[in-house]
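There are 4 protein chains.
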Amino acid sequence: MERRTDLAVEERELLGEDIKGIEYTSEKVEGLPIERLRILTKRAAQLLKKPMGHYVTVELPPLTDSIRDTDSRVQALSEEIRRLLPVNGLVLVAGLGNVEITPDALGPKAASKVLATRHIRGEVARSTGLDRLRAVAVVNTGVTGQTGIETGELLQGVIKNIRPSAMIAVDALASRRLERLGCTVQISDTGISPGAGVGNRRVRIDSDTMGIPVIAIGVPTVVDAVTLAFDLLEIDDEKESVELSRSVSPQGRSMVVTPKEVDLLIDRAAHLISLSVNMALQTDIDTEDLLDLL
Amino acid sequence: MERRTDLAVEERELLGEDIKGIEYTSEKVEGLPIERLRILTKRAAQLLKKPMGHYVTVELPPLTDSIRDTDSRVQALSEEIRRLLPVNGLVLVAGLGNVEITPDALGPKAASKVLATRHIRGEVARSTGLDRLRAVAVVNTGVTGQTGIETGELLQGVIKNIRPSAMIAVDALASRRLERLGCTVQISDTGISPGAGVGNRRVRIDSDTMGIPVIAIGVPTVVDAVTLAFDLLEIDDEKESVELSRSVSPQGRSMVVTPKEVDLLIDRAAHLISLSVNMALQTDIDTEDLLDLL
Amino acid sequence: MERRTDLAVEERELLGEDIKGIEYTSEKVEGLPIERLRILTKRAAQLLKKPMGHYVTVELPPLTDSIRDTDSRVQALSEEIRRLLPVNGLVLVAGLGNVEITPDALGPKAASKVLATRHIRGEVARSTGLDRLRAVAVVNTGVTGQTGIETGELLQGVIKNIRPSAMIAVDALASRRLERLGCTVQISDTGISPGAGVGNRRVRIDSDTMGIPVIAIGVPTVVDAVTLAFDLLEIDDEKESVELSRSVSPQGRSMVVTPKEVDLLIDRAAHLISLSVNMALQTDIDTEDLLDLL
Amino acid sequence: MERRTDLAVEERELLGEDIKGIEYTSEKVEGLPIERLRILTKRAAQLLKKPMGHYVTVELPPLTDSIRDTDSRVQALSEEIRRLLPVNGLVLVAGLGNVEITPDALGPKAASKVLATRHIRGEVARSTGLDRLRAVAVVNTGVTGQTGIETGELLQGVIKNIRPSAMIAVDALASRRLERLGCTVQISDTGISPGAGVGNRRVRIDSDTMGIPVIAIGVPTVVDAVTLAFDLLEIDDEKESVELSRSVSPQGRSMVVTPKEVDLLIDRAAHLISLSVNMALQTDIDTEDLLDLL
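Protein chains in written order, with the numbering used here: chain A, 1 to 294; chain B, 1001 to 1294; chain C, 2001 to 2294; chain D, 3001 to 3294.
Looking at chain A on its own, in the form it has when it is part of the complex (with noise of 0.2 Å):
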């Protein structure tokens, strides 16, 4: 019956900013507005309803203005990935969503814009100066409702078979304020929590139940119309609130708030986060021969 959001860069203005346990810094690079929060305390991410751990909030411009692939603002958004990657290693970038639900697509279209490389070894790799490429594996985990099998679960399957050293999950975000939709990046190294994404997930993707480091960046392509009803009337009453989301909710159908053009968000969204991701994987090869290979 709460207002929802997967940025904690907006639990934290809900909670009025001056919380114990967390730090937060901002600046500006390449032009790009950028916040960090850290999570420092179990008390505050019990606050904050997110786990410990870092979260970096990346302003993108607004849907209408165009970004080169060769844009320094995508090499800063490459940048803040890579810092939270181990430096060597297998890594494995997963999609999470449903590319069927056009909200819930982020996920599935910016990993299969991702450049496998795992596979491609040998004198072959050698000759063709292409083991410079980082190992890179690419899934798509479709949904439950679809697979009969949860994310998690697939996920650990992968990960016993082909053992990367860390997970990279793409994964489609509600957030709650409209301005954001299409035009916030967050990159965090604590997975995905139950309930987040825009298709709720069920259950925790993290280097718990993983094993292995999970970097999750997401973009807003929702705001929950439940949420949205909530912040605009200013709710708190209990009694009140279980009135609205029944009206926001009719038959219990789940209604979100999105531009009307959503197909062209999710669109440059995967792009720009697709590019950014390779960027940050393969530091051996200029930006002109990896865009190339793309």
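Zero decoy hints are in this set.
For lysine to aspartate or glutamate, the following EDC-like pairs were computed, each having C-alpha atoms within a straight-line distance of at most 20 Å: (1) D:3113 <-> A:65; (2) D:3049 <-> D:3018; (3) B:1113 <-> B:1292; (4) D:3113 <-> B:1150; (5) C:2113 <-> A:100; (6) A:160 <-> C:2153; (7) C:2113 <-> A:150; (8) A:113 <-> D:3069; (9) C:2113 <-> B:1267; (10) A:113 <-> C:2150; (11) A:113 <-> A:288.
Cβ pair distances, simulated, as ranges: (12) A:43 <-> D:3292: 44 to 52 Å; (13) D:3293 <-> C:2082: 52 to 60 Å; (14) D:3127 <-> A:43: 48 to 56 Å; (15) C:2289 <-> B:1128: 30 to 38 Å; (16) B:1062 <-> D:3200: 42 to 50 Å; (17) C:2271 <-> B:1125: 24 to 32 Å; (18) B:1066 <-> D:3292: 40 to 48 Å; (19) B:1066 <-> D:3122: 47 to 55 Å; (20) A:233 <-> C:2082: 50 to 58 Å; (21) B:1243 <-> A:125: 55 to 63 Å; (22) B:1243 <-> A:240: 21 to 29 Å; (23) A:125 <-> D:3292: 35 to 43 Å; (24) B:1203 <-> A:132: 54 to 62 Å; (25) B:1062 <-> C:2132: 23 to 31 Å.
Treat the hints as calculated values from the structure; they're not laboratory data.
Quick caveat, the model's predicted, so the values are computed rather than measured.
C-beta: ideal position from N, C-alpha, C; glycine also.
Here the structure of chain A is known, so what remains is to put chains B, C and D in place on it, guided by the hints.
Then chains B, C and D, alone, in the frame of chain A:
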């Protein structure tokens, strides 16, 4: 700065139902609630912000219910369309909207499944029994931003060349009430008004501008976020409403409320409409034979 | 440098039909021609270049014929699949191939429409009657070029984690004869061999490598252009064949022959296979109730 | 019963290159091989089975090569298109073909990425500098089987209404040689002939029927299987050819040869054509600014 709805019955609800110059009846046909609204006077048309004419509103079962192609409810829906059509002559079916923007894709998706028959003629048609089919032409108009051509202008060109006796225009609508999304069909003989549809069509498409009867068929696929906010806050004050509009349309981006599974909603609605349009048009052929042709 | 076919019955045709170590019968069931081929000896397996086991080949009506979901021919097809399945236990359905390459998209397109039920359990399942459904899990493996993971490796990981009693693997095939494209289904209990499928799968996926029975279901969607050329020219000479291969594979690009409307072929075949797999798996539920769930 | 090709240069090759009434030159521009063929007499037109006029054939690098948007080769291609266009006035760009049939989808896919500007006018255009853009309108005609309207008929209606000074028609072609698939662009001022294109367009679309210059741009996406068979077997005998046609077109289904990755071929070709059409049309704007608009 007003609540926005493309449904005549919702304008009536807003006005308090006790309006002069309209006829209103409701009934159940094959289990489907059907409302018939007729606007008889210019004064009533002004009040309801809709042209004079007939508006038939059919309430479909919720999305979770499955409807078979041979369901008597599809027959009932097709019967409502048939009543507004001329008995004979070529019919042009036009899909309005942008197929690349999910909530606006209803028109092109529905029109794509309507059986085009105008080109099936002569000896071949006779020998295969297809000469029983009524002549139908189908166009997807695209949207002005992609074509550089006003929808109405494009349709006028087509109509001049193929001279149909009537047009059916299918379009996605905006309603006020979330529970209607994907579950209500409005059929009218008054065409498409400026500002109507999810894409805010700009030019009137009706019997005056097209020179032939225009039957409009629409299903609400979104609630405008500003309209939802106004309704939730029961706002009437001019100044308040300007501020609210701004906060719900950040940077002027138009926000809409939809079910998360908007893609399924569009697919189901497009299927039901194409099916009932086909049945309404092809009356000299068995339902089973018609389904085989589709 | 040889004629390529994934169909056991075509290998038999090539060899002259009079081979020791095989059993072969043919019959018509519900109007569908069905051939049953069993390879009994290692010697015969070597000759036919296919593993020992059962191969059932069902000939569907041509593409232009429409088949209803409730058609007795779909029932006959599902019956052939059912015979090769264990009676009880979880079944994993795997879609093999690249959904972005039309002639290779059969596997993922068919698997996407198979009903996943493994996650439907407990009180909810019991109260809705869904506890009658057999447990089914579904994965789309993607292709190694996109994932960096061998298909077999990925499936082993999944199997280790969810422990199914059998797997059904759906894949697009290459045949020798154009008239078979989209019209023949091969069902076998021998899994997928290296080099088979449109995408030339590289690693054996069978009961030996997976540890459980593997039922392979495939439909030919292409004829290899080199194979067609060899057949047309009746080439046997080694030197001639090298030159011909080169001319039909310019710059080493692999060329295939398909009907122009290959997209429709894939969609129809994927629909028929998913339908018959669903019927083969869910035997404790009416066809009508099953169709409502899909 | 003949070898089929939509490329004038291939007809010339078939005839032995020593033909009266044609002019032929070839050169390299920015590394791209360009052939210029002009048919000057009715007799030559009859021999080559192509109308009198100019045919420019540009050979692109193979599919595996990546071409950047700013590549000088794209500029060279756009220059060839520009030469055949009138200097001023509205241009209509028409995508011919069926977007749902992969090898026929080139036209609609390319046209969808051409910048429509005809509707951008007045004060807004002036203040944003968009008044420098040449007026362009874009239509996708669909195919007669889906619309019931002949492509030419539809275009005549549009032309009557918006009165462009020229039309560019983009269409998928059939060639004789496999190595050309996706790698050759033919630009001509003679429009589209009956029987041309992958979908076998039925009505002439040229300056005679449309009343304005028609520039046709096409890329071969298939080799007709019958043509390949004839070429392989070097068949000339009438009787033999009938039998062969039958065996390569089972049940009259038209078979085509394409690279397996036909989807990528179409996407790359559509991208290159839309890019060079945009550059050919918008000459008063920098390439960089143009790319930002797309």
